[in-house]
Amino acid sequence: MQAFEPGIYCLRMLRERLNKAYTQRGVLYDMSLKQLKEKYAGSKFGIWWAVITPVILAVSINFVFVSVFKIGIQNYTLFVLAGILPWFFFNNALSEATDAFIVNSSILQQGIFPREFIPVSSVLANLFNFCIGLIILLPVFIALNPKIILLLPLLFILIILHFIFTLGLGLFCSSLGVYLRDLKQFLSIIFMFWFWITPVFYSLEMVDKRFQWVCLSNPMTYYINAYQNILFKSASPSMPQMLLIFAGSLISVIIGLTVFFKCEPGLLKRI
Amino acid sequence: MNAIEFTDIWEKYRLKYSINGKTIWEELWALKDINFSVQKGEVVGIIGQNGAGKTTLLKLIAGMLMPDRGEVKVAGRVSTLMELGAGFNPEFTGRENIVINSRIYGISDDEILEKKILDIVEFSGLGKFIDAPMKCYSQGMYTRLAFALAIYVDPDILLIDDVLAVGDEEAQRNCIKKIFELKGSGKTITIVSHDMHMINKLCDRVILLDKGNIKKTGTASMVIPYYLDTVGDKNGIAILEKEGLRVVFNNGRLSLFYNNDFITKDEGGYFSFFDNAINSRVSSFNLTWRIKSILADRIIAEGLTCEGILCQVWQLRLEDCCLEWLVETKGQPVKDPNLNFILPSNYNKWVSLNENGSFPDFAHKINWQDLELNHIPEGTLGVTQDLENNKSPALVFEVSSENSRIKAFNSGYEKDSRVIQAGALSNDFICVNIRLFQSNGNFNNFVDEKKKNFFLKQQRERARIMTERNLTSGALTLFADEETKSFKILVNNKEISKGKGLYNVFFTQKKWFYPYDGDWEIKRISAQELKLTVNYPSINLVMCWTISANEHNELNFKIEMQIRDGLVITNQDLILELSDLFEGWQSDSEEGIFVVNQYVNDIAPIRLKDCKTNRIILKSKDDSSCRLFFGLTSGIKRHIMSIFKRKLQEQEYSSVNYSSIIPKQGQSLNPGKYTIFEGKVAFGKDIRFEQQNLPVRDLSLNKDHLELVFDQGRARLFFKEKELTSGLSVFTSLRSSGFWLDSYQAIWDVCSKDNDRIVVCGHWPNIPVSQTWQFELADKKTIIWKIDMEVFGELNLELAQANLMLSKDYKDWSIPEVNSGKFMDEYTADYDILPFRFWYGPAGPKGIEARGNLPYVLFKSILDNESFRGIIENTDYLYCARLIQYQKTKFNNVTPAKSAFFEGLIQIDG
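These protein sequence lines are chains A and B, in that order. Note that the numbering used here has the first sequence beginning at 1, numbered continuously upward. Note that the numbering used here has the second sequence beginning at 272, numbered continuously upward.
It is worth saying that the hints were derived from the structure and are not from the lab. Glycine residues also receive a C-beta, built at the ideal position from the N, C-alpha and C atoms. Please note: incorrect hints may appear among the correct ones.
In silico EDC-like pairs for lysine to aspartate or glutamate, Cα to Cα no more than 16 Å straight-line [said to hold, decoys possible]: (1) A:K39 - B:E362; (2) B:K287 - B:E276; (3) A:K37 - B:E367; (4) B:K513 - B:E590; (5) A:K44 - B:E362; (6) A:K269 - B:E298; (7) A:K262 - B:E367; (8) A:K269 - B:D339; (9) A:K269 - B:E297; (10) B:K1024 - B:E978; (11) A:K39 - B:D1020; (12) B:K935 - B:D1020; (13) B:K406 - A:E38; (14) B:K283 - A:E264; (15) A:K37 - B:E792.
Under 7 Å between C-beta atoms, here's a sample of chain B residues computed to sit facing chain A [to be verified]: (16) T351; (17) A357; (18) N360.
Now the in silico label distances, taken between C-beta atoms and shown as ranges [said to hold, decoys possible]: (19) A:F156 - B:S308: 43 to 51 Å; (20) B:S308 - A:P240: 51 to 59 Å; (21) A:I56 - B:D381: 35 to 43 Å.
Produce the entire structure from the sequences given, and follow the hints as far as they go.
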């Protein structure tokens, strides 16, 4: 059994693997692309679903919360949209990553490539999905707040950090998912709950001070908040926030990789 | 340069068992201490039972599994054929799937991809379907595309996990061909399979896995037999081994190995029969088997049907390089059972005890082609191969020829093998001996030895038949030839008979029956006696010959006829056909030579003056070397002898014919046994006629100097010891439907006799007539001759005559007050042409007189003169005598009746 080797050996191994992954990055790219295409294979609207789904959801949330609850945010739809797109990315990426090994077991035997590609490609595919949706809707945001153009580089960094965060969690879930076959079901319930405690359709300020801790202990809050800052308020998120985000991503990816490497030999036998 | 390297590999699985709701985890070591390496360009086969760890091994090479212990090193790009179609999405078209998955499969460059796609499309043969969604592909198309993609990736290492069993035959063939191509271009291939034959053909090296351990590595010819052996712990497998020959019995299938090389191929040796119950053939390897007993040189195995009923028992015994294979069927009798033995096609020559030849080229695709070796003597067939590649040993198959036959086949060219088949004629068991010869020298010696024995046996058989069928007395031999169904006579072992030899023929039911028309059965009663039974089933008649030989060059024969239904037999002849060896002949009263003027329809009869005889002596050229006697021993003259010269294809030969006189009245026979002929054939230098006990003189009337002797249809007249008559003497003749019948040809019985009178009755053959004659010596110079004629059937009677044939010493004739003349001394050659007729006219009351060197004779018709005509003429050259005849031409409605025909008076005056 490949044990959890101490420090330096670990790093060396990591470097080796990163090297290998780099040389075969083409495979990763292809895999992700393939997964993306597969998602919409045979459907009529194809990639447009990346836009349609969040928009419709935003519109319906708008209807409920503006007409019924009379929420006091201007341009509520856009507010919701800003948060929903990354949320969908996060949600779907983790969902698909959980099942990644189980569904794609046959590809494993076809070529020698780093096995982590499988969950990574799931996350990456969803990233593409998210980015395409974002690009299509960006003009709308810009139309509202032309200053967003200046913040685009920051948006880019945020997206990358968010991706790394999701990646870590994805690796974690995909490894676990092989052992716990109903993890996917669990996740869907967790996400439901998680959605409510993430300020996507409400702003953090609206929360009662007594309960703000709930949202603040949710890591996704910071990411979504950052998105909302950039896209809706066209204000850059604060430095502490960015640092938190950075730390979060790092921790997530370290945990994810660790779990993955530890479980790798065993999970290969289980699929 | 190692393409694959396994060092100290251990691989473990954890299995979850759920039994009755309880969950138990167990660890299973799939691979233990595996160390091996594969060189670049090497083709390695991995064999073993299910669960030995083969797939696990492949997965480790493929990188699908990480070893629990040890290290796997793989150099080069790997492509696997394990689960075909990895990564294919049915929604996309074939082309899209290829493109999407190309990088995953390992095709890195975009340029190459274009060309590859073309290759893949061509190999898979999908044509325009390549652009249709894969969800509408058939399984075969899917397989072909998946295979094509995996192959055309151009891997350095190819891993194959028994997927070649998938898809239709053509796909399989293409795949195998392509794999061979890859082998040829130096790719490293690792293949897991259960098809020993393919492994043998393909792999340079074979690794045998058993329960996670490498049991043996080596060349295919070493490891595969070893594999078959180790699997022998299971039921239904047993092995015999002696001096390099290994016989493996594996659940109803025999495999033979010599020095670790395969001798048999594919199914090897098996037993097959036709089962009526399920209306198809059943092969022994489809039954369930158990080994009943196994010793060092013997195996007994029992085969059961799927219901568990014992249906076959095999007994295998291995002696020095000879396997005895006996199959016994039990229970229901089976139809068309045979043992089949499949051999590879390098055996291309066959040898039997009287012929040899080569196996022809393969003709059919699937069916077996019969070599049609239908006459294999002693059930022995050897197979061998050309001398150049003398790898496999020569084989000889032997079956017992009484109850089995042996055949040879080519299989279809797909299977590319030879089949030796032993079939059973009785249905109980088949036994075949298979002998193996390392060197062609030994093989040839064995076959030659067998040939010699076989020929000797044949010779002995022939000699035995010869002695059994030969009846010898001194120099004279009778040979009963069963083939031609005839009796041949040989003198000093040279045949003197010809054609049909000695035989009897009879006419009944409008047909002539010869001996070859019947069924022959020869029984040798003793050294001197032979019995032949000829059975004619169609008329329910059996002809029985009894022939015996004594020491004096004599063969006595007796022919008896047994009939079961009433039959009408009109003719009964005994015929001896002889070669041209004999020039002359001699009968009781005359002799002659076998010379004729002309043949009519290849037959020329030799005319006899006195044909009512039954003995003949035949004389060879110059009469010194041999004389043959052929005659009947019955006293009463009931036979007519005829002699013929015959021609057959320019060769002349003669025949002697004894015809029984069968009066028309006596033709119908009741069921019973009848002796037809009894006689003898003798040979020697001094053969003479023995005295026959014939009561000749009994039928004579005397008065003073006058004597009348009645001799079976003719009456001879003597005066003062001198015979006045000649030839047929006093006789009658009848003409009916164009042919003449004399009284001499009839059969005569004595009705009454006293001093002065004889009454005799004669029955004619062929015509329904009988005549009763009465001779009365009125005084010392007068004879009264009364003839009554009875017709007892339909008869077309044209002429009837009463004749007196006188010696040629009579010179003058006269009819008192009418005419007179001289008898010329000219006789016609042929009686059919009008003989020399001197006078004819109404029969006058005075009669006809003849005078000459003998006493005066008067012949007068007394009764019914008006209807008679008198004729005076010479006979032809045969008799050279004078004829005085009274002829009646008019017959009123000859209905069945008895009537007085003629009354005449003969007066002699010395």
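Would you list, in rising numerical order, the hints stated earlier that this structure does not obey? Violated: hints 2, 7, 11, 15.
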